[in-house]
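Just need the whole structure built from these sequences, with the hints factored in.
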Amino acid sequence: MSNSSQAINSPESISRISALRLVVGVIGLLIGLFATMGLLTTGHAAFNTSSNLVWGLPVAAYVFFVLTSTGLTFVAALAMVFGMKDFYPIAKRCIWAAVATLAIGFISLGLEIGNPLRMLWVIPTNMAVTSPMWWMGLFYLTYAVLLVWKFLLVNKGDWSSSQSKVIGIASFVAVIFAHATLGSVFGMMAMRPFWFGGMMPVYFLVTAALSGLAFIMLFINLDYGIDQKNMSAGTRHAMSKQLPTIFAIVLGLVIVFTLARTAAGLWTNVAEFKVPMQATVTSLWFHYELWVGMVLPFLMMLSARRSEAKVQVIAGALVISALFIGRYEYVIGGQLVPMFKGAWFDDLIVYTPSMTEIGVVVLAVSLGILLYAFGDKKLNLSDAPTSD
Amino acid sequence: MAKWGMVIDLEKCTGCQACSTACQMENNRLPGENYQDVLYYTEGKQPTPSLKWFPRPCMHCENPSCMHVCPTKATFKTEDGVVLIDWNKCIGCKYCMIACPYGVRFYTDEKPLIEPNIKEVFKAEGGMQWSPPYKGPQQDNSHGVGIQPHGVVSKCTFCYHKISKAPPETADLSNDDPALREFVPACVRTCAPTARYFGDLDNPDSQVNRLISDKHGARLLEHTGNKPQVYYLSGGVVPGFTRPDKS
Amino acid sequence: MNIEFLKKAITRRRFLQATGATGVAVGAVVGTGGVSLSALVPLSESHAQETGADGETKVNKSICGQCPARCGIDIYTTNGRVHAIYGSNDHPIANGKGCPKMHLGTYILYDPDRFKGPMKRTNPKKGRDEDPQFVPISWDEAYQTVADRLNALRDKGESHKFGLFFGRGWGASDVGVNIVPFGQLYGSPNAPIGHSSMCSDGSILAKQCTDGNASYSSYDYHHANYLLMFGANFLEAFRPYNNNLQVWGYIRGEKTPKTHVTYVDVHMNATASAADRALLVKPGTDGALALAIAHVILTEGLWDRPFVGDFMNGENQFKTGVVLDEVSFSEKWVKGLIQWWNTELKDRTPQWAETVCTIPADLIVKTAREFGSTRPAIALFERGAHNHSNGVLNGMAIHSLNALVGSLFAEGGLAYQMGPAYGPAPANPDDYMDDYAKNGPHKNMPRIDLKGHEDGYLMAKNMFQEVGKNHNAGNPYKLDTAMFYMTNPAFSSPDARAWEEALKTMFVIDTSPFPGETAMMADLILPDTTYLERYQDAPTYPFQGFPMAQIRTPAIKPLYDVRTFGDSLIEIGKRIKGPTSEYFTKLESVENILRHLARGFEESPGDNGVKDYESWKAKGVWFKKPYHWRQVRGEFFEWDGKGWNKPMDAAAVKEKLLKTDSGKFEFLSSYMEHKKDWILAKTGRSPEKYNIPHWEEPQYTGGGDLHFISPKTAMHAEGRSANLPHAIALHQPAVGGNKQALAEVHPSVAKAKGIKNGDRIKIRSALGEIIAIAKVTELTRPDTIVLPFEHGHWAHGRWAKGRGTHVNTVIAQQSDRISGMANYYTGKVSVEKA
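These protein sequence lines map, in sequence, to chains A, B and C.
Numbering follows numbering that gives the first Met the number 0, with no gaps: position 248 of the first sequence is 247.
Numbering follows numbering that gives the first Met the number 0, with no gaps: position 19 of the second sequence is 18.
Numbering follows numbering that gives the first Met the number 0, with no gaps: position 774 of the third sequence is 773.
Hints are computed from structural coordinates only; laboratory data are not their basis.
The beta carbon of each residue, even a glycine, is placed where N, CA and C say it ideally should be.
Be a bit skeptical, because a hint or two may be false.
[Said to hold, decoys possible] Taking lysine-lysine and the DSS-like style, the derived pairs with C-alpha atoms no more than 27 Å apart in a straight line are:
(1) C:K281 to B:K51
(2) B:K44 to C:K832
(3) B:K122 to C:K57
(4) A:K340 to B:K44
(5) A:K273 to B:K51
(6) B:K51 to A:K340
(7) C:K257 to B:K214
(8) B:K110 to C:K800
(9) C:K711 to C:K755
(10) C:K57 to B:K164
(11) B:K51 to C:K738
(12) C:K618 to B:K164
(13) C:K675 to C:K331
(14) B:K51 to C:K254
(15) C:K755 to B:K44
(16) A:K273 to B:K226
(17) C:K711 to B:K51
[Said to hold, decoys possible] Restraint ranges, calculated between C-beta atoms of paired labels, are given here:
(18) B:M0 to C:A833: 57 to 65 Å
(19) C:Q132 to B:K122: 27 to 35 Å
(20) B:Q138 to C:D611: 35 to 43 Å
(21) B:K110 to A:L119: 22 to 30 Å
(22) C:G599 to B:E181: 32 to 40 Å
(23) A:T261 to C:A833: 36 to 44 Å
(24) A:A303 to B:E42: 57 to 65 Å
(25) B:M0 to C:P256: 38 to 46 Å
(26) C:A833 to A:F373: 50 to 58 Å
(27) A:S161 to B:K110: 54 to 62 Å
(28) B:E42 to C:P686: 45 to 53 Å
(29) A:L119 to C:Q132: 50 to 58 Å
(30) C:G599 to B:K122: 44 to 52 Å
Spelled out as structure tokens, the structure:
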């Protein structure tokens, strides 16, 4: 079925990583299940969200992971849509990782929604075309179907039939629309100046790409035991040459975006933008995000050691953490200023995720890890086409 | 068909919150779930501080952003101009709460404002949030009226269970007319200083239009384009947000 | 079926519910309407019952019970459940409207912590941490227990050791049965003792001392063009609150010309903000402000000459600091103006007042000119002004402004309240007095509160707050048995600890439907119905003067095995030996009494056609406009059926309106003159000034550097909302207190003490300290901490208990020596971060 010449004998470091992945996944699952038991007994009262701040950590996690999925699809598309052959060796892995992160996002959101099952019939039957969220759902669903379809084709060894190519292109287009509508879910909200802006989909696009790249920097290297010697020549080439460069460029763009957005927020007189931004920049998290999570990896990518697996793992991990903080700041920040609450709530809304909310994310992430682990064990993710 | 709207005269409003408690009683709301809220703001310094307030129901916008963002059309606008939620369609995504510029929506699957949790004291069965002994006889899930089920968003209905029964062609619903009093929204009916008026915005002869004309009715946050069907008279400036400890 | 078995099972169940009230958690057990047996069915079962009901909504007319304003209400009941309460359209106070409290009634009715039936205490130890271990008893046993104790006391000649204490607003007559005859027939000076000295006796005495009427006033706001309010929080706490709000909408939004309002208080609140001018005075100095206003009115010649009189030569001779000859002025309806001027007013300039009350002199002058030149004008005041050691003096000074501008009994002025045309009660207590009642040893006993006693408060109407202290000291004696109706002194009295101690050493009968602090100290619980489950009458609280009587009818049968206090009192009365028993047998029941009272309407049908008991019940109110007397340009007239056409001579005015010795408004109080020696001895006031409105520094208590003010908020519901989560969540909207009341702290104080918003702070006085949550705000003066009165219960239900802290813990027990008014707002405290 697949071309075994690309298969790598698993050295010890790789099996250690894969065992670790399983252990982390299982432990995470148990912790997640335990922490989300509150959902069964008290429902969403176990969340620290409220009528004043309605979207909490699970939504931030949803945004983070579905955009990561988007980014991973971008990377896969480098080979499968744009013909950058060096990326073929990681393409299948990217697609499967995209499936896993998408699953994480959907699980996280599903546990956050009041009546998730009801979506199954009320969304298709009502055609609420004015809602960005409806379009987002449509595109993410399309994307999810195409993504899985594409993976199934690739898994059968069908890398480049015309059908496979069309599906690949279609999934790439779908994900662009999906992430754009996700950006619009926030960016169209004029009543939330912290989020508002026509360029928000573009911002989402760039950060999505970065988060996909960062995942690859981290996880592909981990998959190969943080040792590029374990990689095929093609993979090694992609990982050591093109990727760090693309990663650095996109990271640089995101840094510019972040600084520009921060400056605009601090400068403006619009309280709903300014005050949450002030609160953001006075927090240590922001400075970690900016300096440690973005500027430092950027410098690392400028250095000659950017091709080293260890450096890439660290840079990838730092950027992932920064992006997660950024998503959280963004989703929460837009809701911090109370809306018409008078003296009842006259300061920024105080929100810290509850154990249950953290549990929801842990649960979703560990299910994603296990899904990925399953793929890694059973689906020959390092496969690549031979003929081209 | 009427286009129902409300007029609130801030010069007459005493900030007493009778509208809030009448609404809570009529619509069986939870503590802190203020469909109708009275919001107070303090500015200035001693000995001349300024204390302002205004009552805030749902604005029942002509162009409701909450409705536009709803992915299931659970939030809808009735023919008579009222924004309602169909609890049978609501999936609890809370996007409408994000999109409402006036903060009028509630998702009460949350930690109770007041402990012990009254929902635990008056427990409900069958997916409803609670079952207080004083609950009203009206229950209409498809119009978001009554006790809300779990996992859905709730909001002011202009007392739809009352106004929807008003005789056709009624220009204004006022407590002063004994024949109409049962059709008047609770907040309007009880308002002791008669700071609230309720009537047909499409009828140029209605008292609400007369008041909007005479006393320069203004709407909150006009720039959002939502076009509220609630008008304020004699003021209505909401102070911008500043953090209390960092002025 | 074995009925006995069923009864036992139910009793056991009720026992569980009853003990639940003391803190043991029990599930939600709330009854439906219906008889007491079905009342014990848990909620889920009662749902099943509901489905068989007809679904029709019934509306009955009744009266609200949350404050003494007595608004007519329409109660909506469907399937045996009360689910809505609105103001009655055809009720003169409510006019179809409601205050925020009105709608809380459904929650009060279905308060899950209500007592479910009569109980007795089995734990002899009393204290905050002692579970009373109440066990259910039958009503018969409950009544007999009380009667046996009372009969035993009477047999020993110690009937004075029984006290019957009643609370807010419902007066001695309108608890459903007149409670005064109970003490009269049984023989105790302490039955009843009302709580008025903790309520608002300060204004009653101020009026009695000046115009001879020991009463709150009625007001004609609709025709007034200027309102000058001192500490009567018109839009948050002053009564009749619902009607005040209606008045506000009218005078500010509809009336032409718009009524101008100046409001005096110690912090910025809704009324101060809504008024045209807010004067934020230093606590306790309202009198100085009023005196300065009087000074300006006189020096600028703004007084109402037809009512007050004028100088003989027609020229204004009031000049600051200049002593005048008494005979130079010809007084019309006032007495002692020149003496007042000479001994006090001539030096009370706005500049002087500024140094006392901190209001800039130019604002005082402006206010005085407006008040003096806008007719009709009303100066009104309540607790804010008179809850101080100088309270009666402040009140007299303020009320004197009404005389200066001629607003007494005038259109757009203020007057007093007429009583309803009731028929005679079923029995006259005078016919049932036995020898013991007439001449027993109780006749020579002082009241436990030393009201009317030289050693105590000679001029006070009641001294409720002294009872605990006096009992503990055995001075004049100790009570044996005390019964409480609608009052909870173990919580609401200043220095409530003294009351708490006293309750440990007497047999306590509490009749509250709710498990309050006094109930926790009780030996016997005779739970009353709530106001939605009972018959009751209520002549109006002073309103617009015309007579009015409301009737309360039950919306549903009592939810539990509880009984209206009036009926309980009758049942106990029936068990008292001698003719007392006959008297109460004759009364029969509250409903029977109401039927008799309503007979008065036959001869005097109301404006709304109420002419008998049935029409009274149907309409909910009997009233007959107008108020019968009016002063027009210094002449008094009486209503003749068509108009105020009948001129009144001086004797008629004295008899009916200005009930002083002189038959005039007295700046020189004859009422006080009668007690001159006592006043001089007890107050140390000078013989020249003791009976005229004058400035005296208030005696602040507590020893701190900040004034401590504990106002009521609109949601306070006069103490009836403490266990209502819906009310708690709306308690203090101005500063956002929605879990518990927040302490308003001025930023300058906060800065000095390092206090931030939301910090826990210690508020300390000589009596002790309480913890509060700070709200740093410009609403309060830099020298004042404001913390509304409401929370700090150590009982009273699951939501009340343990919430916030109790302001009275740090407020010393000091009373105005003249009025006996408790000085709630005179405390001083220090604060620091906790």
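Outcome of the hint check:
The hinted pair formed by K281 (chain C) and K51 (chain B) meets the criterion: a straight-line CA distance of about 23 Å does not exceed 27 Å. Restraint check for K44 (chain B) and K832 (chain C): satisfied, since their Cα atoms lie roughly 23 Å apart, inside the 27 Å limit. At most 27 Å may separate the alpha-carbon atoms for a hinted pair to count; K122 (chain B) and K57 (chain C) meet this at roughly 26 Å. Straight-line distance between C-alpha atoms of K340 (chain A) and K44 (chain B) comes to about 22 Å, which keeps the hinted pair within the 27 Å bound.
Among the hinted pairs, K273 (chain A) with K51 (chain B) is consistent with the structure: their alpha-carbon atoms are about 24 Å apart, no more than 27 Å. Taken as a hint, the K51 (chain B) and K340 (chain A) pair is honoured in the structure, with Cα atoms around 13 Å apart against an allowance of 27 Å. In summary, the hint linking K257 (chain C) to K214 (chain B) is supported, as the alpha carbons are separated by about 15 Å, within the 27 Å threshold. About 20 Å separates the Cα atoms of K110 (chain B) and K800 (chain C), which keeps this hinted pair within 27 Å; it holds.
Taken as a hint, the K711 (chain C) and K755 (chain C) pair is honoured in the structure, with Cα atoms around 24 Å apart against an allowance of 27 Å. For the proposed pair K57 (chain C) and K164 (chain B), the alpha carbon gap of about 18 Å is at most 27 Å, so the pair holds. Proposed proximity of K51 (chain B) and K738 (chain C) is supported: the alpha carbons are some 22 Å apart, at most 27 Å. A distance of roughly 26 Å separates the Cα atoms of K618 (chain C) and K164 (chain B); the hinted pair therefore holds under the 27 Å criterion.
Taking the CA atoms of K675 (chain C) and K331 (chain C), the gap is about 25 Å. The hint holds against a cut of 27 Å. Among the hinted pairs, K51 (chain B) with K254 (chain C) is consistent with the structure: their alpha-carbon atoms are about 23 Å apart, no more than 27 Å. For the proposed pair K755 (chain C) and K44 (chain B), the alpha carbon gap of about 17 Å is at most 27 Å, so the pair holds. For the suggested pair K273 (chain A) and K226 (chain B), the alpha carbons sit about 26 Å apart, so the restraint of at most 27 Å is met.
The suggested pairing of K711 (chain C) with K51 (chain B) holds, with an alpha-carbon distance near 19 Å, which does not exceed 27 Å. For M0 (chain B) paired with A833 (chain C), a C-beta distance near 59 Å keeps the hint of 57 to 65 Å intact. Taking the beta carbon of each, Q132 (chain C) and K122 (chain B) are about 28 Å apart, inside 27 to 35 Å as hinted. Taken as a hint, the range 35 to 43 Å holds for the pair Q138 (chain B) and D611 (chain C), whose Cβ atoms sit roughly 40 Å apart.
Look at K110 (chain B) against L119 (chain A): about 29 Å separates their beta carbons, and that is inside 22 to 30 Å. About 34 Å separates the C-beta atoms of G599 (chain C) and E181 (chain B), a value consistent with the hinted range of 32 to 40 Å. At roughly 38 Å, the beta-carbon separation of T261 (chain A) and A833 (chain C) lies within the given 36 to 44 Å, and the hint holds. Restraint check, A303 (chain A) to E42 (chain B): a C-beta distance of roughly 59 Å satisfies the suggested window 57 to 65 Å.
Between M0 (chain B) and P256 (chain C) the Cβ separation comes to about 41 Å, which falls inside the hinted range of 38 to 46 Å. At roughly 55 Å, the beta-carbon separation of A833 (chain C) and F373 (chain A) lies within the given 50 to 58 Å, and the hint holds. In this structure the supplied range 54 to 62 Å holds for S161 (chain A) paired with K110 (chain B), their Cβ-Cβ distance being about 55 Å. As the Cβ distance of E42 (chain B) to P686 (chain C) is approximately 51 Å, the hint placing it in 45 to 53 Å holds.
Hint check: L119 (chain A) to Q132 (chain C), Cβ distance near 56 Å, so the stated range 50 to 58 Å holds. A C-beta distance of roughly 49 Å is found between G599 (chain C) and K122 (chain B), which places it inside the suggested range of 44 to 52 Å.
Comparing the model with each earlier hint shows no violations; every hint is respected.
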